[in-house]
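Counting in the numbering used here, the final residue of the sequence shown is number 57, and the numbers go up one at a time with none missing.
Rather than coming from a laboratory, the hints here were simulated on the basis of the structure.
Honestly, I wouldn't trust all of these hints.
Unchecked claim - 25 Å max Cα-Cα, derived SDA-like pairs, lysine to any residue:
#: 1; residue 1: K48; residue 2: F38
#: 2; residue 1: K48; residue 2: A24
#: 3; residue 1: K47; residue 2: N26
#: 4; residue 1: K48; residue 2: I4
#: 5; residue 1: K47; residue 2: M3
Said to hold, decoys possible - Cβ-Cβ distance ranges computed for the label pairs, FRET-style:
#: 6; residue 1: K48; residue 2: M27; range: 17 to 23 Å
#: 7; residue 1: N26; residue 2: G46; range: 30 to 36 Å
#: 8; residue 1: R44; residue 2: S13; range: 14 to 20 Å
A quick note: this is a predicted structure, and the numbers were derived from the prediction, not measured.
Note that the Cβ used here is the ideal one computed from N, Cα and C, for glycine as well.
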Amino acid sequence: MIFKIVIFLPSNIFYKELEFEANNMYEAQNIGNQIFREEFERSGKKSGNYFIEPK
Numbered sequence: 003m004i005f006k007i008v009i010f011l012p013s014n015i016f017y018k019e020l021e022f023e024a025n026n027m028y029e030a031q032n033i034g035n036q037i038f039r040e041e042f043e044r045s046g047k048k049s050g051n052y053f054i055e056p057k
């Protein structure tokens, strides 16, 4: 399945949208956590949020 992750930084400012492939929602959540962690560290911000949805 194809999933989409949308990342927001403080004050719900849109940061990035990415697509990735996973077998199920559990795997998608694990991949999404890793993507968010990497993007969040690159951004240099102190907080952020994201959501994952099937595409």
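Verification of the supplied hints:
At most 25 Å may separate the alpha-carbon atoms for a hinted pair to count; K48 and F38 meet this at roughly 13 Å. With a CA separation close to 28 Å, the supplied pair K48 and A24 exceeds the 25 Å bound. For the proposed pair K47 and N26, the alpha carbon gap of about 30 Å is over 25 Å, so the pair is violated. At roughly 29 Å between alpha-carbon atoms, K48 and I4 are farther apart than 25 Å, so this suggested pair is violated.
A hinted pair counts as satisfied when its Cα atoms are at most 25 Å apart, and K47 with M3 does not qualify at roughly 31 Å. One distance hint, 17 to 23 Å for the beta-carbon pair K48 and M27, is violated here, with the actual separation near 28 Å. Distance hint check for N26 and G46: the Cβ-Cβ separation is about 33 Å, which falls inside the suggested range of 30 to 36 Å. Our hint of 14 to 20 Å for R44 and S13 holds, since their Cβ atoms are close to 19 Å apart.
The earlier numbered hints that this structure contradicts are 2, 3, 4, 5, 6.
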